[in-house]
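Q: Could you slot chain B onto chain A? The hints should help.
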Amino acid sequence: MTYRWLHDMDQALAAHGIPYVEEPNWRTTGRPASDFQFNPQGVLCHHTASPAGTSDRTDINVIQAGNSSAPGPISQLYIGRSGTLYLIAAGRANHGGKGIRPGWDSSCQDMNELLLGIEGGNNGVGEHWSDAQTTIYGQVVNALCEWYGWEIGAQVFLHATTGPPNQGCNSKIDPAGPWQRQPELTHQTWDLGIWRQFCIEQGAGPGPGPTPPPPGDDDMPTPCGFIQCNAGTTGHHVDGSGYSCPVNGTTFRVNPGGTIQWVHAGELDDQVAILNAAGARTDTWNGAVGSPDSFGRLVGDKPA
Amino acid sequence: MPDELLDESESDDGVGLYLFWRFVAWRARRGLPDVDLEDLARVREIVAELNELLEGARVTRVQRA
Chain A
305 MTYRWLHDMD
315 QALAAHGIPY
325 VEEPNWRTTG
335 RPASDFQFNP
345 QGVLCHHTAS
355 PAGTSDRTDI
365 NVIQAGNSSA
375 PGPISQLYIG
385 RSGTLYLIAA
395 GRANHGGKGI
405 RPGWDSSCQD
415 MNELLLGIEG
425 GNNGVGEHWS
435 DAQTTIYGQV
445 VNALCEWYGW
455 EIGAQVFLHA
465 TTGPPNQGCN
475 SKIDPAGPWQ
485 RQPELTHQTW
495 DLGIWRQFCI
505 EQGAGPGPGP
515 TPPPPGDDDM
525 PTPCGFIQCN
535 AGTTGHHVDG
545 SGYSCPVNGT
555 TFRVNPGGTI
565 QWVHAGELDD
575 QVAILNAAGA
585 RTDTWNGAVG
595 SPDSFGRLVG
605 DKPA
Chain B
68 MPDELLDESE
78 SDDGVGLYLF
88 WRFVAWRARR
98 GLPDVDLEDL
108 ARVREIVAEL
118 NELLEGARVT
128 RVQRA
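Chains as they are written, first to last, in the working numbering: chain A, 305 to 608; chain B, 68 to 132.
Just chain A, with the same shape it has in the complex (with noise of 0.2 Å):
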């Protein structure tokens, strides 16, 4: 019997820079290990099916409490509709029944034994998947794999991708619904080659590299475009020290190389319109964003 506690999650998501919540007691939580097996060799994504708008509170409620069908927890990660990303479990987790990993099984195995699951909010019939809730899904995906020696290209897979129903194993959609890479889906799953890829694009995003200097008015890099958060939204600083966006439509630049700038209340207009001038890019992206961590390490000042 094999129980493999994952207690370095943590530890390989902050290797790569990825801001994460932990939920209480997660390193304890997990299916009783007297009664099952847990020795994971991959991934496995997923959505929740909960309605679009749905708290990422009330997602990790259900997720932690199961039911008699599903017996919490329901995954060992959970990333909100809001973009931030949770740790639930170390422990094994029912998201997977039975099924068979494309090249790897001829016959129903143990998901939950051989994978570890990620949940993503989303209603997977329709709901258009943000950005930066698939951005951070990805990069958790690729370190993850990194951290276990899982090679992206055959060890991470889709729900729906290990329940063929004529094999009787399961049958299941997620994760599906339009996202950054096909927005033309409704409700279809996605493309298994071409999750794996963006995975694999992800691994080069805000780490624990040097902190570059903040740049000074005269010498304002071309920002890629500039992200809007709710209040409460919360982020890092290239310091390590943590910040809270104080109103709804906190404005940060998007600077090229992963930092991103505060904008003070009053100066979006005029750094558009300097841009602009500049032929620089000015995108804005409106309304809550997650984490504005995805984005980039905050330079310079903290919003107030």
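No lab work stands behind these hints: they were computed from the structure. Just so we're clear, the structure is a prediction, and the values are computed from it rather than from any experiment. Keep in mind that the hints are not guaranteed to be accurate.
Said to hold, decoys possible - If the Cβ cut is set under 8 Å, some of the chain A residues that face chain B in the computed set are:
#1 T352
#2 S359
#3 A369
#4 G370
#5 N371
#6 S372
#7 S373
Claimed, not checked - Over the 12 Å line for every Cβ pair with chain A, so calculated as not near, a few chain B residues:
#8 R97
#9 G98
#10 L99
#11 P100
C-beta atoms are modelled at their ideal positions from N, C-alpha and C, and glycine is treated no differently.
A: Just chain B now, kept in the frame of chain A:
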């Protein structure tokens, strides 16, 4: 309702979330009051209702067999 739930859950344990949200929608269609699902205690109450229905459905299925 119980048979409807069983049809979705008969093959494996990977359906827990889908099952839960189907149950919540079913409750709403019956006009039962909304509950605050941000409250874990309330979620557990709903899960208890769901589990009771599932148990009843299984008994019904065995009897039919």
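Q: Would the hint on G370 of chain A stand, with a C-beta cut-off of 8 Å toward chain B?
A: holds, 5 Å
Q: The hint names N371 of chain A as touching chain B; please verify it with the least Cβ-Cβ distance against 8 Å.
A: holds, 5 Å
Q: Double-check S372 of chain A for me: the hint is only fine if its C-beta lies closer than 8 Å to a C-beta in chain B.
A: holds, 4 Å
Q: Please check whether A369 of chain A passes as an interface residue: C-beta within 8 Å of a C-beta belonging to chain B.
A: Status holds, d = 5 Å.
Q: Against chain A, does P100 of chain B hold up as non-interface, every C-beta pair farther apart than 12 Å?
A: holds, 16 Å
Q: When you look at the beta carbon of R97 of chain B, is every beta carbon of chain A farther off than 12 Å?
A: holds, 17 Å
Q: Should the hint that S373 of chain A touches chain B count as held when the rule is a Cβ pair under 8 Å?
A: holds, 5 Å
Q: Should the label of L99 of chain B as a non-interface residue stand, given a Cβ cut-off of 12 Å to chain A?
A: holds, 16 Å
Q: Can T352 of chain A be said to touch chain B, with a Cβ gap under 8 Å?
A: holds, 5 Å
Q: Over 12 Å from every CB of chain A: does G98 of chain B meet that, or does the non-interface label fail?
A: holds, 18 Å
Q: Could you check if S359 of chain A really has its C-beta closer than 8 Å to a C-beta on chain B?
A: Since chain B brings a Cβ to about 6 Å from S359 of chain A, closer than 8 Å, the hint holds.
Going through the hint list in order, the structure satisfies each hint without exception.
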